[in-house]
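Please model the complete structure; the sequences and the hints are all you need to start from.
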Amino acid sequence: MEKIMHKPLLPRVSLSYRLLSWEFFLLLITAAVFVINSLASPYFLDPWNLSDASFNFVEKAIVALPVAMLIISREIDLSIASIIALASVAMGFVAQTGAGSPLIMLAGLGVGLLCGLINGLLVTRFQIPSIVVTIGTMSLFRGISYILLGDTVMKDYPQDFAYFGQGYVYAMFSFEFVLFLVLALVFYGLLHKTNFGRRTYAIGNNPTAAFYSGINVARHRLILFVLVGLVCGLAAVLLTSRLGSTRPTIALGWELSIITMVVLGGVNIMGGSGTIAGVFIAVFLMGLVTFGLGLINVPGIVMSIIIGGMLIGVIATPVLLKKFRNRKPAP
Amino acid sequence: MPFKKIVASALVAAAMATSGLVQADSVRIGLVVKALGIGFFEAANEGAQEAAKELGDAEVIYTGPTSTTAEGQIEVINSLIAQKVDAIAVSANDTDALVPILKKAQQRGIKVVSWDSGVAPEGRQVHLNPSSNSLIGEMNVKLADEALQATGSEKGDIAILSATPTSTNQNIWIEEMKKVLPQYPQLNLVATVYGDDLADKSYRETVGLLKSHPNLKVIVAPTSVGIVAAAQAVQDQGRIGEVFVTGLGLPSELAGHVDSGAVKSFAIWNPIDLGYAATMISYNLVKGESSDSAIGMGRIGTATLDAEGSAAMAEPFVYNASNVHAFADIF
Numbered sequence: 051m052e053k054i055m056h057k058p059l060l061p062r063v064s065l066s067y068r069l070l071s072w073e074f075f076l077l078l079i080t081a082a083v084f085v086i087n088s089l090a091s092p093y094f095l096d097p098w099n100l101s102d103a104s105f106n107f108v109e110k111a112i113v114a115l116p117v118a119m120l121i122i123s124r125e126i127d128l129s130i131a132s133i134i135a136l137a138s139v140a141m142g143f144v145a146q147t148g149a150g151s152p153l154i155m156l157a158g159l160g161v162g163l164l165c166g167l168i169n170g171l172l173v174t175r176f177q178i179p180s181i182v183v184t185i186g187t188m189s190l191f192r193g194i195s196y197i198l199l200g201d202t203v204m205k206d207y208p209q210d211f212a213y214f215g216q217g218y219v220y221a222m223f224s225f226e227f228v229l230f231l232v233l234a235l236v237f238y239g240l241l242h243k244t245n246f247g248r249r250t251y252a253i254g255n256n257p258t259a260a261f262y263s264g265i266n267v268a269r270h271r272l273i274l275f276v277l278v279g280l281v282c283g284l285a286a287v288l289l290t291s292r293l294g295s296t297r298p299t300i301a302l303g304w305e306l307s308i309i310t311m312v313v314l315g316g317v318n319i320m321g322g323s324g325t326i327a328g329v330f331i332a333v334f335l336m337g338l339v340t341f342g343l344g345l346i347n348v349p350g351i352v353m354s355i356i357i358g359g360m361l362i363g364v365i366a367t368p369v370l371l372k373k374f375r376n377r378k379p380a381p
Numbered sequence: 566m567p568f569k570k571i572v573a574s575a576l577v578a579a580a581m582a583t584s585g586l587v588q589a590d591s592v593r594i595g596l597v598v599k600a601l602g603i604g605f606f607e608a609a610n611e612g613a614q615e616a617a618k619e620l621g622d623a624e625v626i627y628t629g630p631t632s633t634t635a636e637g638q639i640e641v642i643n644s645l646i647a648q649k650v651d652a653i654a655v656s657a658n659d660t661d662a663l664v665p666i667l668k669k670a671q672q673r674g675i676k677v678v679s680w681d682s683g684v685a686p687e688g689r690q691v692h693l694n695p696s697s698n699s700l701i702g703e704m705n706v707k708l709a710d711e712a713l714q715a716t717g718s719e720k721g722d723i724a725i726l727s728a729t730p731t732s733t734n735q736n737i738w739i740e741e742m743k744k745v746l747p748q749y750p751q752l753n754l755v756a757t758v759y760g761d762d763l764a765d766k767s768y769r770e771t772v773g774l775l776k777s778h779p780n781l782k783v784i785v786a787p788t789s790v791g792i793v794a795a796a797q798a799v800q801d802q803g804r805i806g807e808v809f810v811t812g813l814g815l816p817s818e819l820a821g822h823v824d825s826g827a828v829k830s831f832a833i834w835n836p837i838d839l840g841y842a843a844t845m846i847s848y849n850l851v852k853g854e855s856s857d858s859a860i861g862m863g864r865i866g867t868a869t870l871d872a873e874g875s876a877a878m879a880e881p882f883v884y885n886a887s888n889v890h891a892f893a894d895i896f
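Protein chains in written order, with this note's numbering: chain A, 51 to 381; chain B, 566 to 896.
Think of the hints as simulated: they come from the structure by calculation, not from any bench.
A couple of the hints might just be wrong.
Result set (DSBU-like, lysine-lysine): computed pairs, CA atoms no more than 30 Å apart in a straight line [claimed, not checked]:
| no. | chain 1 | residue 1 | chain 2 | residue 2 |
| --- | --- | --- | --- | --- |
| 1 | B | K668 | B | K852 |
| 2 | B | K669 | A | K205 |
| 3 | B | K720 | B | K668 |
| 4 | A | K205 | B | K649 |
| 5 | A | K205 | B | K668 |
Laid out in structure tokens, this is it:
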């Protein structure tokens with residue numbers, strides 16, 4: 051069965067070979083950044099410092115995993131940061147009633163899932179392009195958060211709720227970080243080892259063909275949107291716990307950093323290709339670059355320029371290399 | 566394999582860097598602002614650098630996120646903690662969300678001061694307000710008296726143009742003004758009107774004041790929107806020289822009105838002094854040169870701390886034709 055499934059995808063063998071080298075390329079750059087950082091700052095190679103630095107990108111990284119799958123299936127979700135905000139606000143209200151951590155967490159996950167369901171239903175039932183739907187819900191979810199909270203803050207979280215965003219599983223390995231590693235494995239399995247994952251690629255490569263080969267494309271996309279929403283709810287739990295408070299501006303602007311991680315990881319923004327491993331490395335690359343520049347006190351504005359340049363550079367290099375390679379054998 | 570080589574050289578480089586690390590003797594203070602590229606904070610940095618120069622053995626690291634988010638500030642504070650700075654002086658984007666990370670900083674022996682925009686008491690040791698409500702009230706009345714003298718009258722009517730009737734700050738300041746007014750019998754408060762911090766409504770209210778109180782000499786607007794609108798109205802009504810506008814405003818918005826003569830003088834905090842004082846306080850905390858109730862601010866004097874560790878720097882700084890243009894470039 052497995053082999054039969056692979057046959058029609060044969061043309062992608064060369065593609066997957068290229069992706070492998072893409073990941074190797076990313077790994078090389080990440081290693082280079084690591085070296086440069088250790089040379090530039092004496093504070094870089096401190097396990098605790100690296101652990102502290104991981105908090106800055108792990109929540110985004112967790113959301114990047116399902117978003118990668120969504121983008122591979124030719125969809126996009128721009129409302130992710132707003133879902134995090136709305137989920138956080140919901141948790142704030144539940145916490146206000148004096149509820150315990152499990153219930154607060156459930157509220158965050160529930161609202162996240164619900165937001166994902168709304169996105170998914172709008173896209174699949176009404177056939178509205180996901181970019182349009184999620185631009186709308188991006189304002190909608192954020193707007194509701196503003197209406198509910200206004201200029202106020204919610205911070206009635208119980209003491210033990212701080213564990214999710216501030217706790218450590220073992221030594222300097224934080225709960226957030228370990229959770230990210232586990233989820234990366236789960237999503238690796240889901241995308242690369244299951245039929246669900248193969249269908250995701252199939253839909254991304256050619257939705258019409260996928261539909262005629264018997265894949266329930268609408269349901270598949272709906273599931274992906276719900277999955278993204280649910281993981282946003284999870285990220286909201288982590289972030290809210292780390293900040294110990296909720297304001298409607300929470301996670302403002304995160305959608306772009308998350309999508310940047312996914313694209314840097316080699317996921318084709320047009321859908322159809324990309325790997326979890328690539329996203330996994332890209333997350334660390336982004337995190338290390340930001341942390342390294344921060345350590346030598348590069349102003350944030352210059353940092354944005356460097357990260358923007360890096361994104362373009364990293365993505366353009368393989369494209370240019372491929373062009374050169376393709377030109378030679380065809381005189 | 567080149568990767569192994571890179572890792573090996575990274576480790577060697579790191580070992581060299583760490584062994585070559587010489588702990589500097591100077592006191593390193595991280596000055597964290599709401600966002601980089603804002604004139605007000607650039608000016609605060611100028612003051613901080615002045616303080617560092619005066620102290621001799623202090624180094625100020627000026628940093629901040631690119632947008633005014635709590636998450637961005639946390640990232641910046643994280644890298645300051647990693648660099649093992651001696652003190653962090655922060656103008657916070659969020660009173661509560663910064664508390665967990667600043668608590669962590671304090672646990673690692675870093676002194677934390679908030680200035681301009683404060684952090685909840687559990688997250689910092691000292692908070693420096695630019696001024697206090699009573700000082701602002703006094704200053705507004707003092708400016709009104711100066712403006713009255715400029716009209717050449719010994720006695721005269723004054724009016725207050727505020728923001729909204731529910732604006733907490735405004736109401737407190739007006740209350741404080743009314744406390745001081747009896748000491749100035751020459752000033753006769755005839756009306757308090759509300760422009761809702763909208764330019765057009767403030768303008769209309771001012772025109773109304775000018776019409777209904779022909780003997781009006783001074784309009785006090787302790788709001789940066791109101792003061793500009795009022796000055797414009799006085800100019801448009803051809804009452805320059807007869808009626809002066811004063812209050813709290815920004816030099817960049819009022820330089821033109823000072824030139825036209827509608828405004829003689831006005832007040833606002835001086836960001837240079839603020840950065841200077843925050844740096845001095847941080848330094849004194851690191852050196853242990855403070856008590857629970859007082860801490861030195863260099864050339865500005867001594868700050869008195871209340872039970873929660875808050876202090877007021879000074880009365881608002883007065884701007885007039887002699888200095889408004891220099892500051893107009895800053896904020």
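Consistency of the hints with the structure:
The hinted pair formed by B:K668 and B:K852 meets the criterion: a straight-line CA distance of about 20 Å does not exceed 30 Å. With a CA separation close to 18 Å, the supplied pair B:K669 and A:K205 stays within the 30 Å bound. Our distance criterion of 30 Å between C-alpha atoms is broken by B:K720 and B:K668, whose separation comes to about 54 Å. Distance restraint check for A:K205 and B:K649: the Cα-Cα separation of roughly 29 Å lies within the 30 Å cut-off, and the hinted pair is therefore satisfied.
Distance check on the hinted pair: A:K205 and B:K668 sit about 16 Å apart at the alpha-carbon level, within 30 Å; holds.
The structure does not agree with numbered hint 3 stated previously, though it agrees with all others.
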